[in-house]
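Student: Put together the whole structure using the sequences plus the hints.
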Amino acid sequence: MSEATDLETLRRGTSLVKRGFAQMQKGGVIMDVVNREQARIAEDAGAVAVMHLESVPADIRKRGGVARMADPGALEEVAEEVSIPVMGKCRIGHTAEAQILEAAGADMIDESEVLTQADDRYHIDKTEFTAPFVCGARNLPEALRRIDEGAAMIRTKGEAGTGDVNQAVTHQRNIQRSIGKLTGMAHEERDEWAREHGAPRELTHETAEMGRLPVVNFAAGGIATPADAALMMQLGCDGIFVGSGIFGAENPEAMGTSVVAAVNNYDDPEALKEIAKDPGKGMRGQANVDLDEDEKLQGRGV
Amino acid sequence: MHVGVIAVQGDVSEHAAAIRRVADARGVDTEITTIREAGLVDDCDVLLLPGGESTTISRLLADEGIDEEIHAHVEAGKPILATCAGLIVAARNPQDERVQSLDILDITVDRNAFGRQKDSFEAPLDIDGLDEPFPAVFIRAPLVESVSEGVDVLADWGGSPVAVRQGPIVATSFHPELTEDSRLHELALFDGQPATAETPEVSQ
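Line by line, the protein sequences are chains B and W.
For the first sequence, the numbering used here assigns the number 1 to the initial residue and increments by one for each residue that follows.
For the second sequence, the numbering used here assigns the number 303 to the initial residue and increments by one for each residue that follows.
A few of these clues could be false.
To spell it out: a stretch of chain W is covered by chain B in this simulated footprint if at least three of its residues, at any positions, have a beta carbon under 8 Å from a beta carbon of chain B; those stretches are [claimed, not checked]:
1. 312 to 323
2. 353 to 362
3. 419 to 431
4. 436 to 446
5. 475 to 484
Bear in mind the hints are in silico, worked out from the structure with no lab data behind them.
From the three backbone atoms N, C-alpha and C, an ideal C-beta is built for every residue, glycine too.
Tutor: Below, the structure is given as structure tokens:
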């Protein structure tokens with residue numbers, strides 16, 4: 001039997017602990033919820049975690065105005081309701097909102113372009129937090145800048161609240177294509193690439209050597225059906241965020257369960273066929289082509 | 303050796319990498335299969351049950367029909383290493399009806415005993431059978447509340463077991479797959495000899 005382990009050597013909030021949390025989400029579906037009732041449905045459907053926010057992106061679009069962090073009391077309620085991790089969203093660059101979410105017990109903080117941007121120039125210094133962060137990215141340099149700031153997880157930005165997977169696909173392909181290019185480059189070419197794209201140099205080399213992002217890479221932004229989720233997994237994502245797609249659907253329980261099953265069976269067309277029969281109508285959605293440039297959320301925080 | 307990594311959800315590639323490191327170091331020819339559907343477990347000599355979300359993992363194991371195959375694997379006396387969520391899923395009593403237990407390990411578990419993610423930590427841990435402390439990473443980790451006779455405690459944290467062995471099963475509430483240190487995978491799967499039924503060191 002071991003002696004009492006030295007408590008002084010215990011360390012919290014290290015990069016290993018924060019990235020490790022993200023690694024535990026892999027192969028899972030993280031669902032947007034606005035209250036404890038939705039959180040219960042998400043957990044029962046097999047979500048690995050829930051993302052709490054005031055309203056889902058599709059409703060934020062309709063409503064307009066300034067989108068802020070949700071009431072931290074509501075996040076605490078959700079955390080009482082479910083046993084799975086609870087995440088919360090803060091505005092880009094809004095350090096105080098992030099501090100409040102951390103104090104409220106958020107297991108991960110999403111510094112999110114879905115909310116109104118608080119700081120036009122800087123993102124939050126995420127290394128100062130014990131809680132791990134996830135950030136959106138449209139391409140590899142953006143992803144590496146966020147990791148350099150301390151993000152423990154990257155997700156594609158996609159175009160949230162549209163129900164159109166098009167931009168999530170574009171962003172994931174951007175990231176993969178750049179990694180592919182980097183792996184084929186000589187050391188000095190990678191240096192040059194990092195300079196030209198404003199990407200952190202060391203992380204550029206690390207990514208090139210690993211042949212993937214050095215943190216977990218989820219898909220987000222417009223995923224609305226089991227087939228969308230399977231597509232993003234086939235494109236090499238580690239897991240899926242579904243925002244408006246679950247509770248904007250006709251039958252959220254069935255849609256949630258089906259998206260979870262689709263992620264596990266993403267490479268099995270026969271199984272996907274059966275899964276895709278179940279969930280009823282998806283969210284109505286809004287194709288990207290209908291959006292004016294200033295209606296797009298993905299340009300926030302690059 | 304044929305290694306199966308249960309891959310319905312969780313940190314699968316980390317376990318596969320750990321096994322690869324041990325196998326290469328020992329010069330063991332190893333085939334690794336990731337398992338997301340029924341019909342693959344039977345061919346495996348050893349199994350890994352990764353960390354992740356225990357509610358999600360247990361549900362998918364049942365839905366896919368993999369749970370019965372894991373029972374057969376244990377009954378055949380073949381080794382399993384289960385970490386964190388894996389330990390919860392394996393436990394006879396996870397004390398939470400949201401987890402559909404495999405009931406292969408005779409322990410009672412307190413899920414999320416360490417609290418939320420901000421309470422997660424890393425620390426060196428003394429483990430029976432290892433000479434030097436092990437770099438243990440605890441992420442929203444469970445504690446083992448009690449163990450039955452026949453379950454050996456390999457490590458504890460503040461008096462509660464965090465690593466146990468029962469027959470061919472080794473389970474930890476921390477994540478040995480998250481660092482480059484593969485000694486626990488070696489201990490669980492390659493040293494091979496299941497613990498004999500000795501007097502358990504903690505029995506409540």
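Student: All hints, please: hold or fail.
Tutor: Here is how each hint holds up against the structure:
no.: 1; hint: 312 to 323; verdict: holds (count 5)
no.: 2; hint: 353 to 362; verdict: holds (count 7)
no.: 3; hint: 419 to 431; verdict: holds (count 12)
no.: 4; hint: 436 to 446; verdict: holds (count 3)
no.: 5; hint: 475 to 484; verdict: holds (count 3)
Of the hints listed earlier, there is not a single one the structure fails to meet.
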